[in-house]
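If you read the protein sequences in the order shown, they are chains L, P and F. Just so we're aligned, residue 1 is where the first sequence starts under my numbering, counting upward by one. Just so we're aligned, residue 1 is where the second sequence starts under my numbering, counting upward by one. Just so we're aligned, residue 1 is where the third sequence starts under my numbering, counting upward by one.
Hints were generated in silico from the structure; no laboratory data involved. Worth double-checking, as some hints may not be accurate.
One copy or any two copies: either way a pair holds, since identical chains are not told apart in the list.
Claimed, not checked - Calculated pairs, EDC-like style, for lysine to aspartate or glutamate (alpha carbon to alpha carbon, straight line, at most 16 Å): (1) 35 <-> 251; (2) 34 <-> 302; (3) 150 <-> 25; (4) 34 <-> 100; (5) 247 <-> 268; (6) 204 <-> 180; (7) 256 <-> 23.
None of these values were measured; they are calculated from a predicted model.
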Amino acid sequence: MKMKHLISIKDIGKKEILKILDESEKMEELLKSKKVIDILNGKILATLFYEPSTRTRLSFETAMKRLGGNVIGFTDIKNTSVMKGESLADTIRVISGYADIIAIRHPSEGSARLASEYATIPVINAGDGSNQHPTQTLLDLYTIKREIGKIDGIKIAFVGDLKYGRTVHSLCYALSLFDDVEIVFISPEELKIPREIIEDLNKKENIKYSEKSNIDLTGIDVVYMTRIQKERFPDLNEYQKVKGIYKLTRELIYNKNLIVMHPLPRVDEIDSNVDELPQAKYFKQSFYGVPVRMAILKMLLEK
Amino acid sequence: MKMKHLISIKDIGKKEILKILDESEKMEELLKSKKVIDILNGKILATLFYEPSTRTRLSFETAMKRLGGNVIGFTDIKNTSVMKGESLADTIRVISGYADIIAIRHPSEGSARLASEYATIPVINAGDGSNQHPTQTLLDLYTIKREIGKIDGIKIAFVGDLKYGRTVHSLCYALSLFDDVEIVFISPEELKIPREIIEDLNKKENIKYSEKSNIDLTGIDVVYMTRIQKERFPDLNEYQKVKGIYKLTRELIYNKNLIVMHPLPRVDEIDSNVDELPQAKYFKQSFYGVPVRMAILKMLLEK
Amino acid sequence: MKMKHLISIKDIGKKEILKILDESEKMEELLKSKKVIDILNGKILATLFYEPSTRTRLSFETAMKRLGGNVIGFTDIKNTSVMKGESLADTIRVISGYADIIAIRHPSEGSARLASEYATIPVINAGDGSNQHPTQTLLDLYTIKREIGKIDGIKIAFVGDLKYGRTVHSLCYALSLFDDVEIVFISPEELKIPREIIEDLNKKENIKYSEKSNIDLTGIDVVYMTRIQKERFPDLNEYQKVKGIYKLTRELIYNKNLIVMHPLPRVDEIDSNVDELPQAKYFKQSFYGVPVRMAILKMLLEK
Numbered sequence: 001m002k003m004k005h006l007i008s009i010k011d012i013g014k015k016e017i018l019k020i021l022d023e024s025e026k027m028e029e030l031l032k033s034k035k036v037i038d039i040l041n042g043k044i045l046a047t048l049f050y051e052p053s054t055r056t057r058l059s060f061e062t063a064m065k066r067l068g069g070n071v072i073g074f075t076d077i078k079n080t081s082v083m084k085g086e087s088l089a090d091t092i093r094v095i096s097g098y099a100d101i102i103a104i105r106h107p108s109e110g111s112a113r114l115a116s117e118y119a120t121i122p123v124i125n126a127g128d129g130s131n132q133h134p135t136q137t138l139l140d141l142y143t144i145k146r147e148i149g150k151i152d153g154i155k156i157a158f159v160g161d162l163k164y165g166r167t168v169h170s171l172c173y174a175l176s177l178f179d180d181v182e183i184v185f186i187s188p189e190e191l192k193i194p195r196e197i198i199e200d201l202n203k204k205e206n207i208k209y210s211e212k213s214n215i216d217l218t219g220i221d222v223v224y225m226t227r228i229q230k231e232r233f234p235d236l237n238e239y240q241k242v243k244g245i246y247k248l249t250r251e252l253i254y255n256k257n258l259i260v261m262h263p264l265p266r267v268d269e270i271d272s273n274v275d276e277l278p279q280a281k282y283f284k285q286s287f288y289g290v291p292v293r294m295a296i297l298k299m300l301l302e303k
Numbered sequence: 001m002k003m004k005h006l007i008s009i010k011d012i013g014k015k016e017i018l019k020i021l022d023e024s025e026k027m028e029e030l031l032k033s034k035k036v037i038d039i040l041n042g043k044i045l046a047t048l049f050y051e052p053s054t055r056t057r058l059s060f061e062t063a064m065k066r067l068g069g070n071v072i073g074f075t076d077i078k079n080t081s082v083m084k085g086e087s088l089a090d091t092i093r094v095i096s097g098y099a100d101i102i103a104i105r106h107p108s109e110g111s112a113r114l115a116s117e118y119a120t121i122p123v124i125n126a127g128d129g130s131n132q133h134p135t136q137t138l139l140d141l142y143t144i145k146r147e148i149g150k151i152d153g154i155k156i157a158f159v160g161d162l163k164y165g166r167t168v169h170s171l172c173y174a175l176s177l178f179d180d181v182e183i184v185f186i187s188p189e190e191l192k193i194p195r196e197i198i199e200d201l202n203k204k205e206n207i208k209y210s211e212k213s214n215i216d217l218t219g220i221d222v223v224y225m226t227r228i229q230k231e232r233f234p235d236l237n238e239y240q241k242v243k244g245i246y247k248l249t250r251e252l253i254y255n256k257n258l259i260v261m262h263p264l265p266r267v268d269e270i271d272s273n274v275d276e277l278p279q280a281k282y283f284k285q286s287f288y289g290v291p292v293r294m295a296i297l298k299m300l301l302e303k
Numbered sequence: 001m002k003m004k005h006l007i008s009i010k011d012i013g014k015k016e017i018l019k020i021l022d023e024s025e026k027m028e029e030l031l032k033s034k035k036v037i038d039i040l041n042g043k044i045l046a047t048l049f050y051e052p053s054t055r056t057r058l059s060f061e062t063a064m065k066r067l068g069g070n071v072i073g074f075t076d077i078k079n080t081s082v083m084k085g086e087s088l089a090d091t092i093r094v095i096s097g098y099a100d101i102i103a104i105r106h107p108s109e110g111s112a113r114l115a116s117e118y119a120t121i122p123v124i125n126a127g128d129g130s131n132q133h134p135t136q137t138l139l140d141l142y143t144i145k146r147e148i149g150k151i152d153g154i155k156i157a158f159v160g161d162l163k164y165g166r167t168v169h170s171l172c173y174a175l176s177l178f179d180d181v182e183i184v185f186i187s188p189e190e191l192k193i194p195r196e197i198i199e200d201l202n203k204k205e206n207i208k209y210s211e212k213s214n215i216d217l218t219g220i221d222v223v224y225m226t227r228i229q230k231e232r233f234p235d236l237n238e239y240q241k242v243k244g245i246y247k248l249t250r251e252l253i254y255n256k257n258l259i260v261m262h263p264l265p266r267v268d269e270i271d272s273n274v275d276e277l278p279q280a281k282y283f284k285q286s287f288y289g290v291p292v293r294m295a296i297l298k299m300l301l302e303k
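Given these sequences and hints, build the entire structure.
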């Protein structure tokens, strides 16, 4: 990897992304071989979670431990009273003396970038506010590649809250690096994809998009569902109406040759009887977070 | 082990229990050899504690690490805000993609069974409400076997709160699988052993029991003490009276050939000057939790 | 090591301190070699933190994991509800059955000593209230030795809150074991070094001291900065005045041949533009906590 840190998906080009996806595939094979892996034996990952995110934390810890490495860290700012009053910069400099690599989760936008400026070891952004969460984007790409066989030329529908979901925004950007991708944005008026993302897509020749308010999945390869949060609606009746319309049911995907993705946790935007269908890939997607994070940890530590 | 999961002591027969106790003895010998053990090298245990139970959690983690394995997990629902709104089923499916085996502690009865239905990896019940805590029952049996030399034919007295203690109920059931066990229930009227347990015992021919309200330990092999909780008494005076009567003192066991057990934590139902007596086995009992849990982890993962 | 536990710096003589510093140097070399270390493979450290102290906890965990060992523990009393109502003695006896060594942090003075009396495994005091934190003192000594080349004959200035800082008190004691050390206490009137420490120093012939209220660092080898806490001042104006005077700036140490130490976390008593100066050693000091704690863990476990 050319990069020292992984802060934003926008820092890495298509070539690096493909390298990470290739390495992730090797990691998945290693996992399947059930062999004991000691690639990162003796190394320490620090998981600095300034806000709780159990799923992301456990995925990073699993990745590190599967590679034979160790983990130190904290799970919540409330347990770090000693660090109260201490600047993020100082904490990072202290942790740089303990660990070999950092995964940081922080509620403030830009905090991961700031951390990387003070760290003497690699830093991975595990989510900084509504800004970036690059390992999520990479595992989304990996899921598409593994389950569809390719990323170029796919037709993907994003459904639900397209306004606030950083996952959707980052994946849109990443897909725009590939060829002939077609995006269908499906959302209520209140939660449409931001105009700046549309403007970015307009500048690219290799990507097409359209916007809709009803779920029609004809010709779609990938349905990317998102959670619609009640808090986003000033009028509760509006929410109830919208919620019903954007719920993925068995009927909607019956006999269709597509895959269903979701960054999880889901609440009720996917009917639970969809879970057993072969199209449902969201739990596999969650599992793919492990080999993808293994690849990133390995590549950043090998430099 | 025939079973895929360990949810309730009632799921396993005497033969399986004996197999676990045998394996536990091997594990205890391994621990004593001070050799580095790598039986579960590369494996990951997920400790999903939806309510805190430090002792049980640390015992499971110790068992896994003593076997050379790794641990991921959370210690409290409050630190898992991301998982809020997510169903237990979804969490279990996600964790099945990370870990090799799960130990779950949950305040709701039946939750461990539910988890086992969605998991693609083995699930161990580490306590679900007032229902089951099978590894506690197995370590209780192991303590009796190691300290008395046998389980068949013992005479055991349960003392204190026999109404609410799931530990006592499960151990009663397990003992009813053995031969010629005699149980003496010693409790205040308010905290008598539930009638359904008595009815179950009535159906068995190989087990005898009696009920008392005063502590008389003549002829007893095992005294199993329990905590009497203040909250159980509407009248505080009643509690004070009862508390005094059911306190185990040096005098009560002086010169008697018996062992004293307690699931811990104790508050003041055992006088601290009993601790140094050779009959006091409650700290050893706590230690035995490690080899017993090692055996269970190993057997479930070897399948 | 002659000692079974490490509770107070006052329990160990100069000879033992030097042995620990020598071993720490070996540990630092091991760390630098980037080799996988398996000296404590299979061993378990229990970090029992009855109050949060993230930095100290992570330093201990790093030390143990760098040596190839494992860690169990808890980070806060609030997550140990099960242990509520249980005596410290009982908890220690239970943990003695799980782990090989304990690092305990507790708000009450004397608790670590109490723990060591009930433990059947070595106990390290990781801070008991305002009393002792011996590994901090040892890493302070190690920093001086590594960065100045010697401890005998140094001239050290303690600056800031000298009244409440246990770090300063313990280091004063430790320095009094060495030859020809000269101490300059620099503090506001309200936060002067306690008279009992002055009396102790008066008894020693090998150590000189003086007290000042202004920062003059002429001839000083080591400046040991401490945090001045707002809460200590009844009058906020007094605090504001004092805060300004005791702030270490570039100008104060410009062209001076000295090192700056700080137990961290710092708030604003050291100007951030001091960080890049070669004299700034506080982050290195924090790093030295790892090899020093490795040495202590190894020496106590080797007995």
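Here is how each hint holds up against the structure:
Taking the shortest Cα distances, residue 35 and residue 251 never come within 16 Å of each other, neither inside one copy (42 Å) nor across copies (57 Å). For a Cα distance limit of 16 Å, the shortest separation of residue 34 from residue 302 across copies, 13 Å, qualifies, whereas the shortest one inside one copy, 23 Å, does not. Taking the closest pair of Cα atoms, residue 150 and residue 25 come within 16 Å of each other only inside a single copy of the chain (13 Å); across copies the shortest separation is 53 Å, beyond that limit. In this homomeric assembly, residue 34 and residue 100 come within 16 Å of each other (Cα to Cα) only across copies, at 11 Å, whereas the closest approach inside a single copy is 26 Å.
In this assembly of identical chains, the alpha carbons of residue 247 and residue 268 lie at most 16 Å apart only when taken from the same copy (7 Å versus 53 Å across copies). In this assembly of identical chains, the alpha carbons of residue 204 and residue 180 lie at most 16 Å apart only when taken from the same copy (10 Å versus 73 Å across copies). For the identical chains of this complex, residue 256 and residue 23 are neighbours neither inside a copy (31 Å) nor across copies (51 Å), given an alpha-carbon limit of 16 Å.
Comparing the model with each numbered hint stated earlier shows that hints 1, 7 do not hold.
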